[in-house]
Amino acid sequence: MNPGQLTLYLFVFTAIISVLVMIFTRTVFYAALALTVCLISMAGIYALLYAEFLAITQLVIYAGGVLVLILFGIMLTNRISGKPLITESHHVIKSAIISAGMFLILLVTYQKTSFDQSQSAPAPGNHINKIGIELMSNYVAPFELGGILLLVCLIGAALMASSFKKNDHV
Amino acid sequence: MRHLLSYLIFTPLLAAVVGLLIPATQKNTFRVFALLISIIQIVIMVLIALHYEHHDGIQLSERLPWISMDLGQWGTMKAEYFVALDGLSFPMVALSVAIISIAVISSWTIEKNQKGYFILMLILNGAIMGSFCALDFLLFYVFFEFLLLPMYFLIGIWGGPRREHASIKFFLYTLLGSILILIVIIALYLSFQDPTSGKVLVHTFNMLHMQNPENIIPGSILSIDSTDLLGPYSYRLWAFLLLFIGFAIKLPAVPLHTWLPDAHVEAPTPISVILAALLLKFGAYGLLRFAYPIFPDGAIYFSWLVGFVGVVSIIYGALNALSSKDLKRLIAYSSVSHMGFVLLGLASITVEGVTGAVYQMFSHGIISAMLFLITGVLYDRTHDRLIANYSGLASKMKVFTGFVLIAFFASLGLPGLAGFIGEVMILFGAFLSQKANGLLPIWMAIVATFGLLLGAGYYLWTIQRMFYGPFSVKIPAAEMNDLNHREYVMLLPLAMAALFFGVLPQTLLNFINPFAQQFVEALFKSASFINP
Amino acid sequence: MSDHTLLFALGAFLFSAGLLIVLTKKNAIMILLGIELMLNASNLNLILFNRQNPTTYEGQFFALFVILVAVCEAAVGIAIILKAYHYFHTSVPDQFSDLKERN
Amino acid sequence: MTETIHSAASLWLALSVLTIPLFSALVCFVISEKFAWLSPMVSSLLLFITFICSAFLFFQVGDSHALTYSWPWFSVNENIIRASLLLDKHGLIMVMVVSLVSFLVHLYSIGYMAEDQALIRYFGMLGFFTFAMLGLVMSSNLLILFCFWELVGFSSYRLIGHWYEKQEAAKASTKAFLINRVGDLGFLIGLMILWSWLGNLDITYLNLETIPTFWLTTAGVCIFIGVIGKSAQFPLFHWLPDAMEGPTPVSALIHAATMVAAGVFLLIRIESLFTENTLVIISVTGTITAITGAIGALFQYDIKKILAYSTISQLGFMVMAIGAGAAQGGFLHLLHHAFFKAGLFLGAGAIIHAMHQAYHHQEGNVDVQDIRNLGDLRKKIPITFITFMICSAALAGLPFTSGFVSKELILTQMNEWSGNAFSWKWLVILGAWVVTLLTPVYTFRMVWFIFFAKSKHNVEMVEVPIVMRLSMFVISMSSLALLITFKPFHILTIINVLMSLYPNTSHLITLLSTLILLIALVSAFFMYKNYELKDQNKFLTPNLYLDWLSDYAFKLVLQFAILVHWFDRKVIDKIINGLTYLQVGIAHVTGWSDRYLVDGVVNGMAYSAKGIGSVTRSLANGKIQSYLLWAMAGLLIFILWILY
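Residue numbers (my numbering), protein chains in the order written: chain A, 1 to 170; chain B, 1 to 532; chain C, 1 to 103; chain D, 1 to 644.
Chain A extracted, bound-state conformation:
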């Protein structure tokens, strides 16, 4: 068991624990924090899998951007009562069965799929560099499209969230 592997197990363990917290907590705020922890540990796993660029993106966009956005959302929807936002659960047993079924199916499918283990060691080198080149050459069209999508989202979300006063007829 080398240090790299140990780190990996640590990240996996953290991710699992945080997800369990997400499932069992009733406070939305805690769940969001747990998700942050989970996403950060995922970023670590990405880094260990030689996907450094993704790990950084994960950290910056997810753990930084999205989670902050969600925390804002929690606080905003919570502003009137001031109490912590509590969520109820329903369909617990049915959902648990379905989720467990999904889990089992996925596991069995992985088990049955034969992966080629021989090539699993990637060539050392600067992956970020290559990704940048790829992004600007082969993947430029989706990249641009993604940009447009983000812009549209930005404007749309801003519009939607900012027009409180005009439609205020409740």
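Here are the simulated lysine-lysine pairs, DSS-like style, with alpha carbons at most 27 Å apart: (1) Lys474(B) to Lys398(B); (2) Lys325(B) to Lys555(D); (3) Lys570(D) to Lys555(D); (4) Lys171(D) to Lys396(B); (5) Lys171(D) to Lys398(B); (6) Lys396(B) to Lys166(D); (7) Lys166(D) to Lys474(B); (8) Lys94(A) to Lys26(C); (9) Lys171(D) to Lys474(B); (10) Lys379(D) to Lys529(D); (11) Lys166(D) to Lys555(D); (12) Lys94(A) to Lys574(D); (13) Lys112(B) to Lys27(B); (14) Lys474(B) to Lys555(D); (15) Lys325(B) to Lys474(B); (16) Lys570(D) to Lys325(B); (17) Lys529(D) to Lys380(D); (18) Lys454(D) to Lys529(D); (19) Lys325(B) to Lys574(D); (20) Lys396(B) to Lys325(B); (21) Lys380(D) to Lys454(D); (22) Lys398(B) to Lys166(D); (23) Lys398(B) to Lys34(D); (24) Lys325(B) to Lys398(B); (25) Lys34(D) to Lys396(B); (26) Lys26(C) to Lys83(C); (27) Lys325(B) to Lys166(D); (28) Lys171(D) to Lys325(B).
Think of the hints as simulated: they come from the structure by calculation, not from any bench.
Knowing the structure of chain A, use the given hints to seat chains B, C and D on it.
Showing chains B, C and D alone in chain A's frame:
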């Protein structure tokens, strides 16, 4: 003169657009307008009948390129605007023109949102004509789906108290059928090529090409020599089954019939008339036009199943009709029973059976229209359809009772009225089947005859309960007047037609006979090509 | 059990957990969180698949675009939830329709 | 050349015989309410013309070979079904009998139905019935024959239910049609068998060699089932006594003289179709019917019911005769029976009519059809009495009446058929003798209590109108054997033809049957002389058991139908709804995303809530996540199905 069919199809559709321009305040203009369109269509139909020649080919055909898309290595997708008439579609189109005119007259009393109602009727009209004329599978599908939409709204807005339930049910059921058909259409599209295109691979939806098994692309999903099995059957058999189920929902055959009584009970009278007289025919029409000629192997393989479903529908529908307390529900179930005969005739794949099936489709169109108009007459007077609430109507409504007798006896298959010829030929065909081609066992025909007995049972019992006995109507403040002029004008032509086609069947058989002979011959020919 | 298998199992677990959250939690924000979790699980899988063919970066790119779309989804989702909250004074979707009946 | 003219003339005559009654029916239906009183006259006149035409036709064709005319009716699979007329000896005699009886009944109805409210309907249906019956007799294609067969059933249905405001009449008409339909199904199956083997249903062109014996027998039996229904044979005869709810002239025409005899006529028409085994079934059924009917007639109190059972018994006698190789005798008896039974019914109608008139001014409600309320009528209505007596004598088979002649013929022929060795055939013969014994007994009982016994009620009675008396007179005259067997009239063709039907009867049998007749009459006289009629003995009414059976069958079917209906509503509907559930689930997922992402919350809610409607809400209780739950469940199952 060359584009008569297009005129027939697009007159109502254009009229619907024109109708949109008329302001909704001009209330009674719309019904006159719709009637005018129907009269124009009748004139066109007369012209078509004059141009029609009795032979087994298609005629009055019009072909225009519609969709042609180059898909690179996957060949070219080609769909055409291809309409034509043959011995199957001619009677259906003629029936549609007549029934829709009568439905328009029957809609005279509609008060709620006349503009919307009559414009939807016009769209429905055009779509029905289009789907009966189309010989391109995609075109048929488009027209057919186009037809369900106005139907949904006509039931859902102008229907009875539980109209939303009924219309949703109608829509979901028929949509399910359509999805099954669509799956097969895609498979067919992948498997057939246009033989006229030379070396280039052109996928086609043309019915004439699809009927010929030589046009199947070797190695495609529905190819003849494919040995791939999905479960117990090959892909071809599955495709036939899917088509059969899809069309059986529309027919409707037991056990996929449950949308029919609900839809009928809630639909307004003119819509019931169109539903029973025309829409149900699409199930049988689809089987005759698409499922059987394209998959003769499936037709032969599953003939037992088709016949069995037919027999079960006959008996099951009749039994349900016998215990129905609602007159309209009774008639709806009797439709199930009568369409079961069509299925049985079709399953026999004998000339007698197929001729009888087409004849039964036509005569059932006339008779069921009449039956639903009759319930409409009662409903207009009392807003009640329970059989138990009426008694002794014969002594108050003499002319009405006369029409009821004609309709009921035509429906139970009295000789001399239209229902008899079709049913007798179907029974002959079903019985002959074992000797001629060994497809259906004899007991099916014999069990089916009990449908005639049960039919007589529920109709006579209804007459006995509703029309005989001392007069009493358990609905307060109901005036049981005899027929007014409008109702008379609706019922009389149908009664005359029921009598005419019962006494002189040859007028219609001149159209059907060549078709039926060619149908059976071609079916066995391509079946022997597929399974030598 | 090799590391790969462990990571696949983790992906499966995360996905199922996300599904469980989406199905059970009543609050819309929690549903959103669950969706994020599921998307992340798929990202993990994509990266793992990429390891099968390390000379190209298809899996990574796929994951990248998933993140991109997830961001958009989160932004719009939160905006909608805020809007709905403003309108219905709750962020529990089941109560949206109940309130609707009263109008 | 002469041949052509001859056949053209007979064609036109035949066509006019066929169409004039139809025309009469049309006239009646078209005529306005104001001129309704015209319809009896017009239709009686038209029927008289029909009778004249049929008589001419008979003399034209006469004893010569049969003529056929045919026109294509419709074609299927290159087989042309031809509407064809077959004018042969049997058919033409039948045509004459039908048109004569029908004319007389029309005439009689002018008086009998004078006060009826629905004259148009009555005479219209009578005309239509005559048309259908003549068509049945003349058509030579079995399918056409079947059509007319059903049409006579239809007109019988309408005429039994003529007074439909009475529940009994309504029920009786339904019952008659339904039970006939049971038989007709058998007929239809027989036609299906013939069609599948021969591809042709024309009686004159049936090529029976191509059809295996088994199927030929089955076809024969199936067609005989049709005869069982129409000619009221065991076990489908219980509609006939109920059918007496119709007006009495209708009973005379349809349920005594013509329609019920159509079955017997059909048996003669398609005799060539019957194999040995079929004939056994026919003769045994006939015997059972004849005896059951005779026993039934012995214990009835309603005049019309007695006559109905007697009709059943006589029809059974004819069927038995045909099954037992006495087809000629059977046919002759059919003709004679048509006259004397129609005469009896008309006489019964006259009694009922006269009694009604008499009781018209009196208080109380007396059942004038009940023989317990009658009696001592011979002096009050003498003409009715005489005609009734003549017809009764013919029914009982007294010498010098038509009934005697045909009975002798049947018994002789059956005797030849049975052979000398003992076999089951002797049982049939025994049955025939039992019937000849029972018939005079019940006839005597009926006549005695109507005309001779002491009456309980003393009322003033007047003879029925002249038109009724006239038709009764004519019809009873035709039951006298003198008119038929009197040699000097040999020159007439009609008698020529009829004589050709009479072979010599055995003297021994004549002696024996006369002896039995005497015994029967004498014993009946002593039995009924001082007999008090008590309450009806229900257990001796064969109808009771069959009614019970058919009611039970109907109830069973109805219960089954209700069960099926329940099944349809509760099970099939639910299952099919469940199948569309997945579809609905998917629809809801899209609806969900629709609500959240596309439409925006504010407007989207209103629209989708409206669109989806109340049903779907109840179907899936309105919770988005539960839709999702089910959709996921479906997806899981789908994945499992796809993978494994």
